[in-house]
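K.L.:
Given next are the chains, with one letter for each unit.
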Amino acid sequence: MEFRDNKAIYLQIAEYVCEHILLGKWNTDEKVPSVREMAVELEVNPNTVMRTYELLQNKNIINNKRGIGFFVADDAIANVKSYRKTQFMDDELPVVFRNVYLLNIGFDELESRYNTFVKETFNP
Amino acid sequence: MIKINNLNFGYRKNQLLFKNMSMQLSTGHIYGLLGKNGAGKSTLLKNIAGLVYADSGSMDVMGYDPSKRQPALLTEICFIPEEFYLPSIKIDAFVKANAAFYPNFDHPYFTALLAEFDIPVTQKLIDMSYGQKKKVIIAFGLATQAKLVIMDEPTNGLDIPSKAQFRKIMASALTEDRCIIISTHQVRDLDNLIDTVIMLDENSVALKASVEEITNRLCFKRVKELDDKVIYAEPSLAGYNAVMQNFHQEDSKLDLELLFNAVLAEKNKLKPIFN
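Top to bottom, those sequences are chains A and B. For the first sequence, UniProt numbering assigns the number 1 to the initial residue and increments by one for each residue that follows. For the second sequence, UniProt numbering assigns the number 1 to the initial residue and increments by one for each residue that follows.
Incorrect hints may have been included.
Said to hold, decoys possible - Computed cross-link-like contacts, DSS-like style, restricted to lysine-lysine with a CA-CA straight-line distance of at most 25 Å:
hint, chain 1, residue 1, chain 2, residue 2
1, A, K7, B, K208
2, B, K96, B, K124
3, A, K7, B, K163
4, A, K7, B, K224
5, B, K221, A, K85
6, A, K7, B, K229
7, A, K31, B, K168
8, B, K267, B, K221
9, B, K229, B, K271
10, B, K68, B, K46
11, A, K7, B, K168
12, A, K25, B, K168
Said to hold, decoys possible - Just the calculated beta-carbon pair ranges, DEER-fashion:
hint, chain 1, residue 1, chain 2, residue 2, range
13, A, I68, B, D251, 22 to 32 Å
14, B, A112, A, G24, 26 to 36 Å
15, A, I68, B, P103, 30 to 40 Å
16, B, P103, A, F88, 48 to 58 Å
17, A, L102, B, D228, 16 to 26 Å
18, B, Y85, A, K85, 53 to 63 Å
19, B, A72, A, F88, 50 to 60 Å
20, A, D91, B, Y109, 40 to 50 Å
21, A, I68, B, T175, 16 to 26 Å
22, B, D177, A, I105, 50 to 60 Å
23, B, Y85, A, R36, 29 to 39 Å
24, A, S34, B, E257, 24 to 34 Å
Just so you know, these hints were derived from the structure itself, not from any lab. Ideal placement from N, C-alpha and C gives every residue a C-beta, glycine not left out.
Chain B extracted, bound-state conformation:
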């Protein structure tokens, strides 16, 4: 679905954010895009959606170059940005003005999502809280039936019940012909929803692997003492939460926060395990 080849990108000429980045994403997956502040998560999403242009290298999304912004591709992209502006109109007027750009827009599904998110449909968008606005654009984005769904920090601003509803909605939104990319810092909101982890660090992709691949190669567990098998560990109440190489085919649960810190701290030890 997405082929990124030797992408170079920087907001300033002499300061590259991505250096020779290459990656492929396919349909039927929910990708979790992780990285420190300023690692370029939002920028990568904007490159994919054609909102910013690469300095060199190629970006192919469903056979199109997104920077050309051809309508045939744009109708298949749903982009939920972290910061957004909604006008001073009601939802029905918003739909009337915008749904026409998406030939497959599913009105009954949109209505059902608004009801599930408990949105006051008669209120003007501008008067809604940040969380409510966010839920409106998530509902609108999914109702477009776009094949590529890109979400930048979608759970920011959602209250506790809405986060659970969001997870249910995303679990049902994943189909074989859809590709969903979610960037997040709130890994605990989404860790069971993501099936493939993409981590950005130091101008490139530090890790891209499915949860299954990660837990086949690494083992996440509590240990009492550290030994040389431990790649990375953090102290906890009963000893340490440790990441180690999975020599005995143990089936452990991926701890995304621990993995994130391990990738930042022990890149050189982890690289050979995933190559």
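Bound-form chain A, shown alone:
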């Protein structure tokens, strides 16, 4: 995994876990890699992975079964989506809005671009 240089590592690891859940690589009730396994794979401090897992636990994306490890939570996909939506709205959308404003892009132009994008990408 390549880390980007503008976002806290523990949040990038959270994205990595969320991505695996959304793509169906890790399913509900399946065990996620232990803190140590994840730290070794990503070459990061185990305390950083622990911070990620605590965050994902708070978001009800994974849960901790004492003595066994961390598992994908029941409503993980829905919770990942709502967590990512908040992040998108708070962090990414303002950047897009800034450009939309500076470049005088109209909403009707955006809408038709958006519709073409969805058609080409998701219903080819």
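Put chain B on the given structure of chain A with help from the hints.
P.N.:
Frame of chain A; chain B shown alone:
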């Protein structure tokens, strides 16, 4: 695990390297020890390991005074120096002569580490390259299962694949009862491995804070223009890489090089933020 209290140390009587240095280190962490050349990183590590003695003040490592060099403490310290000498013998003879000093020495783990580091085990130590020797002593040091692991510039001399292996090995070597201290100039080799930064400057500890504490209080980001919120900045392609106080709870990624330069340049502005 380590309590340093009002430590004064100098190689010459009238020239102190550390003045009233105090610090505590605990288990379960990988500490990154940073500082300019000559700031005393290696000297601090040697004080902790009992290789040099303080002029005054106290040093407590796991309840022992390291300068007394008691065997019960020495079996729990693994010290990987930057410069070292290895004799003209093969690895098995080296292990036979040295592993006996460490009651918990883990032979299968040592063998696994040598394999992971791709070490030619039948070659004499003296004929190996600097990087290979370094990997042998790192493997030996970790296999001692010592609770205190001290490494002085461990990634110097390691080739590119070995650095990645080293990071993986260190990530798995950190346990709740272990304390790992790594001094380095190669911050990019280790920046995701360190959870607490210790920076030495001007005879003392200029900063000691966890990555979480640092990024809670400071924000590292690219800005187009400088304003009075910026504590320290360096020009970059798209403006400036800046350090500023983190007023809006932004979660930025710690830039260790930028932090290092900020501490050297703007000590007075940073001090109150961390107190």
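K.L.:
Compare the structure with each hint and give your call.
P.N.:
Quick rundown of the hints versus the structure:
1. K7(A) with K208(B): holds (22 Å)
2. K96(B) with K124(B): Holds - the C-alpha atoms of K124(B) and K96(B) are around 14 Å apart, at most 25 Å.
3. K7(A) with K163(B): holds (23 Å)
4. K7(A) with K224(B): holds (18 Å)
5. K221(B) with K85(A): Given pair K221(B), K85(A) holds - Cα atoms ~23 Å apart, limit 25 Å.
6. K7(A) with K229(B): Holds, at roughly 20 Å.
7. K31(A) with K168(B): holds (21 Å)
8. K267(B) with K221(B): holds (19 Å)
9. K229(B) with K271(B): holds (16 Å)
10. K68(B) with K46(B): At roughly 13 Å apart (the allowed maximum being 25 Å), K46(B) and K68(B) satisfy the hint.
11. K7(A) with K168(B): Holds. K7(A) to K168(B) sits at ~22 Å (cutoff 25 Å).
12. K25(A) with K168(B): The given pair, whose Cα atoms are some 23 Å apart, holds under the 25 Å limit.
13. I68(A) with D251(B): 22 to 32 Å: holds (30 Å)
14. A112(B) with G24(A): 26 to 36 Å: Since the Cβ atoms of A112(B) and G24(A) sit about 34 Å apart, the hinted range of 26 to 36 Å holds.
15. I68(A) with P103(B): 30 to 40 Å: holds (32 Å)
16. P103(B) with F88(A): 48 to 58 Å: holds (55 Å)
17. L102(A) with D228(B): 16 to 26 Å: Given a distance of about 25 Å, which is inside 16 to 26 Å, the answer is holds.
18. Y85(B) with K85(A): 53 to 63 Å: holds (60 Å)
19. A72(B) with F88(A): 50 to 60 Å: Since the Cβ atoms of A72(B) and F88(A) sit about 56 Å apart, the hinted range of 50 to 60 Å holds.
20. D91(A) with Y109(B): 40 to 50 Å: At roughly 43 Å between Cβ atoms, Y109(B) and D91(A) fall inside 40 to 50 Å, so the hint holds.
21. I68(A) with T175(B): 16 to 26 Å: holds (19 Å)
22. D177(B) with I105(A): 50 to 60 Å: holds (58 Å)
23. Y85(B) with R36(A): 29 to 39 Å: holds (34 Å)
24. S34(A) with E257(B): 24 to 34 Å: holds (32 Å)
The structure meets every hint from the earlier list without exception.
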